[in-house]
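**Student:** Please build the complex by placing chain B on the supplied structure of chain A, with the hints as guidance.
There are 2 protein chains.
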Amino acid sequence: MRISELVDRTGVPLATVKYYLREGLLMPGQATGATQADYDDAHVERLGLIRALIDVAGLSVKRAKAVIDVIEHPESDLVRTIGRALEELPPYGGSDAAEYPRAKRAIEALGQVYDPDYAAVAQLERALAAAEAAGVPMTDDRLRAYGGAIMELAEFDIGNMSTTDPADAVKYAVLGTALYEPVIAAMRRLAHQDAVYRALGGSS
Amino acid sequence: MRISELVDRTGVPLATVKYYLREGLLMPGQATGATQADYDDAHVERLGLIRALIDVAGLSVKRAKAVIDVIEHPESDLVRTIGRALEELPPYGGSDAAEYPRAKRAIEALGQVYDPDYAAVAQLERALAAAEAAGVPMTDDRLRAYGGAIMELAEFDIGNMSTTDPADAVKYAVLGTALYEPVIAAMRRLAHQDAVYRALGGSS
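Taken in sequence, the protein lines are chains A and B.
Quick note on the numbering used here: the first sequence kicks off at 4 and runs consecutively.
Quick note on the numbering used here: the second sequence kicks off at 4 and runs consecutively.
The following block holds chain A by itself, in its conformation from the complex (with noise of 0.2 Å):
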């Protein structure tokens, strides 16, 4: 298709389109002629790739286009490309400590993989010196807790993660991640609301 039509199809202004372009993160078309190219249906998923990333999750394009490098350029360990592409993700942060003893600790409890190069690895550590300087540091019970439940949404998640090619899977971590959150964290405020209505013998 002509890039008119690739503007109708998305609805991504053509100026949009042509700046995508120059920045590398929506790839050529193939040329038909000097000044024309032909595009296809990649063209129009990527389109929706780069609106998803930017416009829904709230990336900057630099960030977009580094998802985009790890998707065009995987690893060959998928753990190593999905983790390099969720470091584009909010929240950012100084992860140059050399150590994260909260986390290393919470982690090893719960009898996981202990990796500081990953990104979540420094996010943990903060998240959890926040709540204890707010006076609610984390506990044995609670991480007991929140491990095993967390361990499901993290395996229902997994189970429907391509495993054998690594472009679907990196879409499917980071919009998982950067759309699900939010989701998550809605669930549990009305989770919440539902248990207090129960714990106080109010009809639900």
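Hints listed in this document are in silico derivations from the structure and should not be mistaken for laboratory results.
Heads up, some of the hints might be wrong.
Identical chains blur together in the list; that is why a pair holds if it fits in one copy or across any two.
Once the Cα atoms are required to be at most 20 Å apart in a straight line, the calculated SDA-like pairs of lysine to any residue come out as [to be verified]:
#, residue 1, residue 2
1, Lys-65, Leu-178
2, Lys-107, Tyr-200
3, Lys-107, Pro-185
4, Lys-68, Gly-138
5, Lys-107, Val-139
6, Lys-21, Val-64
7, Lys-65, His-76
8, Lys-65, Val-15
**Tutor:** Positioned in the frame of chain A, the structure of chain B alone reads:
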């Protein structure tokens, strides 16, 4: 104790303590003279809460004041009281819609209480709409799996909450929501990593 000792014990600068007094976040001390007042442990504790809300949870002074107003003037209904306090937490966003079709469907499918006035309902609607727009809509399977795991988290939280002292319950709900959502998000990312290792047959 004198205000200077309150400053020493909490590490909150004198000018900040005076500002919180003026704004009504910190309750006045017991007057002991024309320009002196006596403070006690309740003031130390309140300053800890104010710092947690503002410095750690990132609330504005105005929103922290609103949380404290709820603590000082709870409604007779504990669910409403907590709901009012939780409205001061991010994410903020228009909740003037008349209907929340995606949230309503999800909440009813889970058999939970649907109360469109509860801020988390609008929050869930926005999160589900964003996931849908990004091409990863909530499925029935995912809703069921998430619903069960998230209710486990919530049951633990509520099981550890005072249902007799509204002030304690509000503090616990606000800090537990603001400070544990980032912990849960980080733990889920780490559980993903662990589950991928295991799915790929790696040793963890």
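**Student:** Does each hint hold? Answer for all of them.
**Tutor:** Verification of the hints:
For a Cα distance limit of 20 Å, the shortest separation of Lys-65 from Leu-178 inside one copy, 17 Å, qualifies, whereas the shortest one across copies, 34 Å, does not. In this assembly of identical chains, Lys-107 and Tyr-200 lie within 20 Å of each other by CA distance solely across copies; the values are 18 Å between and 36 Å within a copy. With identical chains, the CA atoms of Lys-107 and Pro-185 are at most 20 Å apart between copies only, with a shortest distance of 16 Å across copies and 25 Å within one. In this assembly of identical chains, Lys-68 and Gly-138 lie within 20 Å of each other by CA distance solely across copies; the values are 19 Å between and 40 Å within a copy.
For a Cα distance limit of 20 Å, the shortest separation of Lys-107 from Val-139 inside one copy, 19 Å, qualifies, whereas the shortest one across copies, 32 Å, does not. In this assembly of identical chains, Lys-21 and Val-64 lie within 20 Å of each other by CA distance solely inside one copy; the values are 14 Å within and 44 Å between copies. In this assembly of identical chains, Lys-65 and His-76 lie within 20 Å of each other by CA distance solely inside one copy; the values are 16 Å within and 47 Å between copies. Taking the closest pair of Cα atoms, Lys-65 and Val-15 come within 20 Å of each other only inside a single copy of the chain (18 Å); across copies the shortest separation is 40 Å, beyond that limit.
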